[in-house]
Each structure stands twice: as C-alpha cells, then as structure tokens.
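Put chains D, G and F with the ligands on the given structure of chain C with help from the hints.
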Amino acid sequence: MTLPAAAIETRTNRPAIYDRLSAAELREALRRMHLIRQFEEGAEQAYMRGLIHGTMHLSIGQEASAVGVCAALKPQDKITSTHRGHGHCIGKGADPARMFAEFFGKEDGYCRGRGGSMHIADVAQGNLGANGIVGGGLPIAVGAALAMRQQKRTDVVACFFGDGASNEGAFHEALNMAALWKLGVVFVCENNQYGMSTSTERSMSVSNVADRAAGYNIPARIVDGNSFADVADAAFEAVDRARAGGGPSLVECKTYRIRGHSRSDRNRYRTRDEIEAWSARDPITRFEAELLELGILSGGDVRALREAVDAEIAAGIAFAQNSPPPQVAELLRDVHSD
Amino acid sequence: MTLPAAAIETRTNRPAIYDRLSAAELREALRRMHLIRQFEEGAEQAYMRGLIHGTMHLSIGQEASAVGVCAALKPQDKITSTHRGHGHCIGKGADPARMFAEFFGKEDGYCRGRGGSMHIADVAQGNLGANGIVGGGLPIAVGAALAMRQQKRTDVVACFFGDGASNEGAFHEALNMAALWKLGVVFVCENNQYGMSTSTERSMSVSNVADRAAGYNIPARIVDGNSFADVADAAFEAVDRARAGGGPSLVECKTYRIRGHSRSDRNRYRTRDEIEAWSARDPITRFEAELLELGILSGGDVRALREAVDAEIAAGIAFAQNSPPPQVAELLRDVHSD
Amino acid sequence: MDQPVRELSYAQALQEAMAQAMEADDRVFLMGEDIGIYGGAFGVTGDLVERFGAERVIDTPIAELGSAGVAVGAALCGSRPVLEFQFSDFATLAMEQIVNQAAKIRYMLGGAVSVPLVMRFPAGSGTGAAAQHSQSLEAWFAHVPGLKVVQPSTPEDAKGLLLSAIDDPDPVMLFEHKLLYKTKGPVPPEPYRTPIGKALIRRTGRDLTIVATAIMVHRALEAAAILAADGIDAEVIDLRSLRPLDRDTLVDSVSRTTRLLCVYEGVRTLGIGAEISALIAESEAFDRLDAPIGRLGGAECPLPYNPELERAAVPQVPDIVDKARALVRGTV
Amino acid sequence: MDQPVRELSYAQALQEAMAQAMEADDRVFLMGEDIGIYGGAFGVTGDLVERFGAERVIDTPIAELGSAGVAVGAALCGSRPVLEFQFSDFATLAMEQIVNQAAKIRYMLGGAVSVPLVMRFPAGSGTGAAAQHSQSLEAWFAHVPGLKVVQPSTPEDAKGLLLSAIDDPDPVMLFEHKLLYKTKGPVPPEPYRTPIGKALIRRTGRDLTIVATAIMVHRALEAAAILAADGIDAEVIDLRSLRPLDRDTLVDSVSRTTRLLCVYEGVRTLGIGAEISALIAESEAFDRLDAPIGRLGGAECPLPYNPELERAAVPQVPDIVDKARALVRGTV
Ligand SMILES: Cc1ncc(C[n+]2csc(CCOP(=O)(O)OP(=O)(O)O)c2C)c(N)n1
Ligand SMILES: Cc1ncc(C[n+]2csc(CCOP(=O)(O)OP(=O)(O)O)c2C)c(N)n1
Ligand SMILES: [Mg+2]
Ligand SMILES: [Mg+2]
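Residue numbers (my numbering), protein chains in the order written: chain C, 1 to 338; chain D, 1 to 338; chain G, 1 to 332; chain F, 1 to 332.
If we strip away everything but chain C, and leave its shape as in the complex, we get (with noise of 0.2 Å):
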C-alpha cells in the first residue's frame, strides 16, 4: 500500500492573510524576515571572522516559516524552536544585538552566554528556547500548553521541528498526548528536505511528515514553506483552532536550507542544481514582490525597511562585541536557582 503523496497546497487568488493582516503587520513581517536574513549572513561572517566559537545551524531560506508562523501568534504565545532557530526567535521578536551577544558568548546575550546558539531563547517574548535534541522540545511545547490549559489561559504553542525530528520517539509521543488532551499546540514541521545529509525519502517512510497526523487524529495542512503567505493562513488557521480549544494541528512547511546543515557541511548528499533551484524560490524576494504587486508597500518602503534592517545588524553586532564577557567566576552561578 503506497499512500498517494499529499500535494501542497496551490493558491488560486489574492491570499485572505493579506486582508487578515493590516500593512503595518505585514511590513513588519517582511522586516523581519530580512531582519532574519541579514543575521544569519552576519552571524556567518562573525562565524568566519572567529567571533564565534563552536558550530551554528544557519536558517537561510526558511525564512518564511518562522515569520509566517510567529505572524499568527500573539506575544504572549509561545514557540519550542530547534538547533535551526535563530529565524524563530527573530520571528518572535526577539533583539537582534541580544542574539549576537549571546553568540560572542557575552554577558548580555540571552543566556549570559552560557547557551549560545542552539540554546538560544527569549523567554521574555514566549521562545521558550532553541534545542540542542533533535525533538527535544516536542514534548516540552505539550507540556507548555498544559500549563496554559491549568491556567485558564488561551495562549497559544507553536512548536517548530524539522522532518528528521519527525522520525524521533519523541515526536509521536508529544503528538499523541497533545491530541489525546486537546491541547493548544501547532506543530510546525519545516520539512527542508533533509536531516543533516539524510534526505527525506531514506529517512521517512512515507512522503509528507503530514501524512502522519492522522495517526493522531490531528489536522494536517501542507504548505509551501517558502510563501509568507501560505505559511500565515495555515497557521492562523491552526492558531485560531487552538486558541478556541479544539485541539493541536499540524502545520508542514515544504523548504529548504540554502547553507550546509552546519559549519562542517561539505554539501556530497545533495546538487548545486538543487541549491540553485530553490534559491530561485527565495522566501524573501517573493514575498516583497507580492507586497509591492499588491501595492501594501512602495519601492520607498522596501529600500528605508532595507536600509534600517542593515543598520540594526552593523549595530547589534557592535553591541556584541562591546558586551563584558562572563566572568569565570560565575561558572556556577544558575545551576539552581538558590
């Protein structure tokens, strides 16, 4: 039995998001998706420059599932985000110059710089926190929505994860009790096409990470990752169900990552053809046309928004650099909280 292949979904006219959406939102969407952009680019050349210790998993190209995501969710929501998280955590809301400190490994990152990249959170805005575990924070996003379930509170859990997270016990015990107790998770799956160098196809036995939700009585969207557009609907879609109480939906983003999975990437599991095809579906670039197309923004509007996104980057990197570093003294400190 070979499942038929469940198609992405295609957009026949003016996307609703974009009524949903006033332009202030939208353009503040599209901020930060270049916001996202421009830090992964700095944060590679800090990398190259040797401003940053350790390896980085770069989000280049996925852009617009984190912003179209995090376009659903109030701040008072929450998301689980993975070892590939920066683009969430800037698609929450989080200060560009806090993530470059953390990443210098400053006193005035997010973590102090105890955490670097892949622990990368601003609790403050709802990112619980990036994840060193491949579907490390599938449960602990459940576990979340718990939590706001005893409160009596309505917010919302996004809970991003990858389609090699999607083959983890984790993943299907996290989605089991999310559906079981009707808890106000989305479950963000940015299917890039691999896991490290394990392509879907010799990962996954089935096409979609969507085709397994129904074994757990969730709906299910598949969408193509790289429209803004797409991404938002899907997930206020899955946002509003939520909030009202019906329970956990699946949200897949089909993507890809533009840069090796990580700094040591030599690229042998895929083809530059490949790369290049799906750099022609840049994220970025189709969302802004379709913002200019629409008239929501001018030619003017999208250079000043450049412009100041430019400028925020050459200044957070800045900040990083000025930030104290910890002192080794406090190696203890925040073990416990006493």
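Keep in mind the hints are simulated off the structure, nothing from the lab.
Taking beta-carbon pairs under 7 Å as the criterion, some of the chain C residues facing chain D (in silico):
no., residue
1, 173
2, 180
3, 206
4, 217
Just so we're clear, the structure is a prediction, and the values are computed from it rather than from any experiment.
For glycine and all other residues, C-beta sits at the position ideal for the given N, C-alpha and C.
Same frame as chain C, now just chains D, G and F with the ligands:
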C-alpha cells in the same frame, strides 16, 4: 477532523485458513490454545500456593492471537514477546515444563531461573524473549529482521505488542525503520483495550492502533482477536508478504484480557459486565466449536486433547517442583560470555 | 496526657505530602501511568484522583520520554508537576528530558527560567520482578549537575522530603524504595519540610560510621544492634540526600569514628558509596582513618529473578555485620 | 633501515579498525546517523560507505532509541553491529535499550544468547557546543553490569580497542574524545587487539600516581613534565578501560608511589575518579597512602558555551600541576 474508526473485518464464509492448514495443524493449534489456558491457570494456582515469586501477567482470553500468529510461522521464524508473553512462548512451541521451572526460579527453567515470567524466552524455537519494558521488543524485532536480510535468510519476525505499547516512542521509531528498509516484520498488536488501567480511549488519540499504520506506509488489518481463523488468516497474509520481501505489515487483534493486569490489580477501571461479555466470546470455545462444526475434529478428539493437556500441565508442574534451584555461588554467571 | 503518635506507611506519607501540596498550591499537579483510578502501581497516589479530579491527577499514556518532557514544559510555564515513574527502571527512557533538558535549561538560559518539577521513582529489588524492574539507578542522577536527588528511608522523611521537593524551584528526583512502601512510622500530620542536602545521624557511635541509603539504613541499624552486642559501637548515617551531599556531617562523623563503611543497594561500582568513599578519602578526615574504607553495594550483575539469588545480589544484615567487624578489628 | 613509523589520526585509526573488521568478517556492519555519504559528524566513517556499500554502512533516521534496539536485535541474531551515536549526549535517548536490554539480555536468559554489539560515543567538551553536546557520561555506563566500557586516548589504542570491542561477544561502549579525533600517532597497519580491562602506565614515576582518561591522559603527561622540572616524579596511568577496571595495575602503582590523583573530564561527583578513589581506599594500597586521594573532575555545572567558562569547567594542565604538588608536599 475525526477519522472514521476502521471496522473489524467480518467473516462471510468458511475461513480460507481451514483449507490452508491441515487437520493436524489445526488440531495442534487448538492444543496450544488449551495448553496456554491451562498453563495460565496452573501458574495462577502456583502463585497462590506461594510457588511463584514476583508478579505475572496472564493472557487468559488472548490465546487466539498468540496461536493464530504462530500458526503462520515456521520454526525458524522469530518472535519478540511482551510482559504478557506466556501465550506467545507456548504458541511458538515452548515446553510448559521448562516454563514452569523458570517461574519457580529453577535451574531447568528456560532462563535457569534468572529471568522469570517477564523474561521467558525459548531461543531454540525462535522466541527471542518476553520483555519487561513496554515497547522494548519493537526495535529488537526490527533488528532481528535486519539480521535475517543481512544473512540472506527469509525468516520472518513476528513482533507482539500491546495497545499501550503503541504510545511509546519505540513503536514509532521501529515501524518507521522497518517500513523504510522493507524488513520482514509482522507487527502484531494485541489490543486488549487497556494498558494496565488505562483504556485506549484514555491513552490513544485514534480509535485503532492500525490507524497509525498509514503514517508508516505499512499495510494493516484489524481482526477479531478472539477468532483463531481471523488472526491466522491475517497473519499468513502478512507473513507471506514479509517472506516474499514485501516488507512489514501490522495486524491488530481486538481482544480482551480476562484476568487483571497483574497480580495486584483490583479491576477498578472496568465493569464486571464488560468482563463477562468478553468471557462469553472465549476464543477457545469458539475455535473448538468451529472445528467440530466443520468436522475437522470429533468430540472424542477434543476430549483426548484436553486430557493430554491436563496431564502435560500436571507433569510440567511436577517437573518444575523437582528441578534444582540455581546455586548462589553462580550469582555472577552469564553476566558476560566469557 | 501524650497524644498517641500517628503512624503512617511510607506510601501513605508520600500520598499525604502530595495531597497537602495540592491543597496549598493550585499549581501542583500529578502525572504518571495509572496513578488515577488504579491509584498507582504501588498504591502511592491511592484515591487522590477522587479528591483532586482527573485534571490534577493525570493518567498519562505509556510514554515516559514524552511525559517527562511534558513535565518540563509545564514547569517552565509556571505549573508544578510531580511525575511518577511506574518503576525507576523506566527512567532509562526519559534520561534525555531529565538530563539534557530539566537539569540544564536554567543554566543554558543564563538563569532566565527555572524548572520546578519533581519526579518520583520506585526503585530497588526484593520483589521478584527481575532485572528490568529492580534497579537502583540513583547514582546516575547524582552525577548530574542541575538535579537534586533525595532518597528517604522513613515515612517521616518521605513526606518531608517530598514536600521540600515540591517547594524547590529546581528539578528534584525522589527515589523511593519499593520494600519500604508498607513500612510504618510516625508522621506529623501538618505539612513540614525535611531539608534537602542534610544527612541524619540515626544512631550515634564511636567505632565506625556506616553511611547507608534507603532500605540499607534499616539493615545498617539492625547490624548496629548486633554489633553492639559484640562491643562494637557503630554510628549510622542516613544519607537522605545524594545531591547535594552533606559533606560536613559525613566528614565530622568519620573524623570522630575513624572508620567508614558505605552500604547501598545500587551496583557497587560507581554506586553512591563510591562518592562517599572518595569524598572522605580526599577530605580532612583522611588523616583520621584507622582502616580502609569499606563498601557494600549491589553485586556486579543484573538483578536475578530467583529469590535466593536476588537476596544474594544486595547487601544483607550479616554482610554489614561481617564487614563492620572486619573494619574495626583490622582484618580487612 | 628502519621503516618510518606510520602515523594516523585517532579518527583514521578508528576508521581503519572498522574497515579491517568488515573485511575480515561479513557479519560486521555499521549504523548511525549520517555515517554514509556525510562520513559521520566527526568524519570517522569517512568513505567507508563507498568501500563497503550502503547495506553495511547504514544511515539511520534520527531515532537513537530505535537504532540501539535495532542493534540489539541484530546482535541477538548473529550480526555484529557497530552503532555510532552522533554525540554521546544522545545516548540519553537510548539508555533503555543499552541498559535494560543489551546489558541484561544474556543474564536474564540464563546465558542462552549473547549480544555482540559496539556503540561508539563521541564525547567531551572543548568544541563550543554547549551543554547538550559536550557531556562525558561514561561513568553511567561503567555503573552497569553487563556492559564493557573503554576510552582510548591515542590512535593506537583507538584502533586496538575498537577491534577488541568488535570481537567481543558482549556489548562494548567505546567513548571517543572529540578533541582527540585529529591528534596523530603511530598506528600499526595490521589488525591488532588492545585488551579490554588493561590500564597502561604511560609514564613511570615514584612520587605519585595520576590516573587519567581520554584527553586527560595528555594533560596529565604534560603536567608530569612540568612537575618533573620541579623534582616531582609522577607516574601516569591511562585507564583505558572503565569497566572492567584494571585493579591490579592501579593498586600496584599506588602501593609504590603512595599518592593518588584521579583526573577525568566527567562531572567530579560520581565520575570515574570516584570509583578509582574508592577502589584504592578499600584496597591493600590504603595502608601505603601518604596523602589524601586527590580528584580533579568536571565542574558541578552543565558545560557552558562561552569558551573561557568552558575551559574552566574541566581540568587543565595547571590544575593538575597544582593539585599534584599539593598532594606531594602535603599541603592538601
Ligand atoms: C537527538 C539528536 N540526534 C541527533 C542530533 C544531531 N543533529 C543535529 S541537527 C540534525 C538534523 C536534524 O534534521 P531536521 O530535524 O530535519 O532539522 P534541520 O536540521 O533540517 O533543520 C541532527 C542529526 C541531535 N542534535 N539530537
Ligand atoms: C516502559 C514501561 N512503562 C511502563 C511499564 C509498566 N507496565 C507494564 S505492562 C503495562 C501495560 C501495558 O499495556 P499494553 O501494552 O496494552 O499490554 P497489556 O498489558 O495490555 O498486554 C505497563 C504500564 C513497563 N513495564 N514498561
Ligand atoms: Mg530537515
Ligand atoms: Mg493492552
């Protein structure tokens, strides 16, 4: 989105299995079902008499799934079993005398008294062992099937597990890998409606374990687990497919455990009516009636068979009582192979 | 007239702690397998689901990793989960969430959050449940910064340590011994806290210090009584807290008695006694030692099913007596 | 004329061991995440998939528990899996299969089967990968009867121990140190076995014994050179095998030197040094001790991201020098 509950298959005419299996084989199947029932009752009494230490999980009422599946297996095929594994062990051809010896903690037991009920195994007959860990056997079965492929053997692995086990991450990881690699595993879910006190409604977000199979691209059938013929029919289909290189299948046997979960169960989570209704659907009574009705066995055959089973159980208990206990000096024996 | 002292079993004491914590604080809830209508595999949660409802006494699917993660997520967001594992052996499925997440999140996030959760682990052998249901894995957790690990030996401490654990802003692992659930002892009815990180001298003595945990505390006390008849005066310390360790009490005691015997049920190699021994061997008490440091721990094998083998696999009273005697008499 | 000694990196030595084992025995196969075309996260499997094919160098989905179980099942049925974990931290997901199944099946089944598998764990800090990718959890495994645990510090031992592990009829856990992968050393080209359970004295000395593991062996040797300039003659033992322990070598060395310092990267509390210390403190070497037993282990915190903090969290050469001096000079 609520999925329609997949229906239990209903039977229209004389089951094909009664032609596929010879009269001798059907007689042997009935004998094993009786042997399981009597074994369980014998073990229960022995427990009450203080001959058995620890706890045990009886499979009374579930004899058809154990024997129906094993009827489709060759001696060299393998099974992995569960904490409720006495039936699987006898179904695969174990000697009740050595099983009793194991439960009595004796040196002649299948595990030389080291394992007890939860670790009963009979490797010579292809039973790789019960498992005290719910879901523990699922990936092991996949690994066994991988070894068969590597060794160019066509032996099939039948993996028994419960409805409760299907909520473990191990289930998900195992089914995905088995399907991905098209391994010769038959996943046999004995859905007896409860994991300890927790009904499937309270533990699973779908109605049937088989509803999850599509998420792995695994063909599934749901059968009346109290009907030997229905179980065997589905098992043969799955085993044939596996042996032919067609990959894994899932067979969900809807059944019921008549006794409590373990020795300490007060049955507070279910009604007497429910237990009685299921007792009326006794798999042994039913199989026996079918064999008589179809003229495969005579009343005299059945009486003789029952008497032989009685004698075998009594002899087994006596054997076990007379078997020597392990020597305390051999406490460290078999921690390692050398 | 004296009030008769109220006695509760260890299991009842734990249940009372959970009930009092739930009464006092809406944020506290329980989760675990079969803790509702079944009352828990060892009866610890009993009828709490009837008293507090299924929203606060949550039966989980059989999914230990996921359940632990749910507890972490809930704790991160201001709830106070108490998660029961049906047997401590199943913690092996949840080490990721316990060790990588619960123990580390606060630190990794530079103190931005805390993870106030409690996990309860029925542990130990002696029930004929064989190798996968009889382990004593507490030493693993005591090796993990960010966790606190407690192991009560009496009903009184069971209640007091569980209440402290629930109060604690950080993750606390409570190891309960299955053979102790039915043992009775005095338990004050009001809520009270037994401090985490404090050992208790259960018997003072001059000739050697026996440091024991869980059921071994009782065996050590029995052994001490036998040794007393023999003229050997043993001090018995109930460790109670495995992380953090009560260094002061341990060092002070051994400095006085000049001899140390560690008795624990976990596997001898790298069980908690290894740490106690090393702690003393590097401390100022080292110079006071008049004998090698003795250890009695679980045998270097999985727990066997056969009852005689099972008994032989963990320290028993005569083993403690013999070892203590040898240490005091210098025949080690 | 002497042949020039062939040098390989630690990673290459491991790869050569796997290649030679696969050439010699059809039953041997590799599995793990991204060990095929990617060549492994640390490049250890390199191009083995090209040499042996995807049937023998199997990329698994990201599913550590399941993969470990697959290895157990395959081993039970006569294959010989070598499973690579991408980072040892992810073993936390697979403890169930490793500890409840692999380690115990033979014993639980009364010897009816064996489980000949190898698991490889890249471990340790120093790469800026923070708390969930930098742990040294080997002590957990050394606490588990039924497992063998080895930890090579040189390319030569990496190859020899891996070949021994693959030969071994029982489950062997190989802890590799990430910072050592690129270090080079002489490696004999033919297949050879380094015995499991034997420590190696890497430097003989009279004044104290330093027992170290993995990268700490190199730091201890550096420290010994500095100490020598100071008139302190340290013996340095490379433990190599954490389970079983080479008791004889340890006891003999400490009996001669009369002082012991344990240096390890795992968390100090209940890290392998706790066991070494306890083993000596209960042994016949106890009476020979002229100083408390010193321990230097990982700090009691998760591994921090910031590089200075990260360095401060594990023993460094000056720490070893200082501690050794204090032990020898009696200023502890
Ligand atoms: C439990 C676990 N296993 C393996 C890894 C190593 N690892 C980090 S990211 C990654 C790939 C994840 O793939 P996916 O979930 O698709 O996310 P993506 O990297 O594509 O964004 C792997 C294998 C890990 N961090 N955690
Ligand atoms: C990992 C794990 N979790 C919990 C348990 C305790 N336990 C033993 S059997 C059981 C119920 C299993 O339910 P199911 O899989 O439906 O099998 P059944 O008992 O109904 O045959 C539970 C919770 C266990 N043995 N292992
Ligand atoms: Mg991916
Ligand atoms: Mg069941």
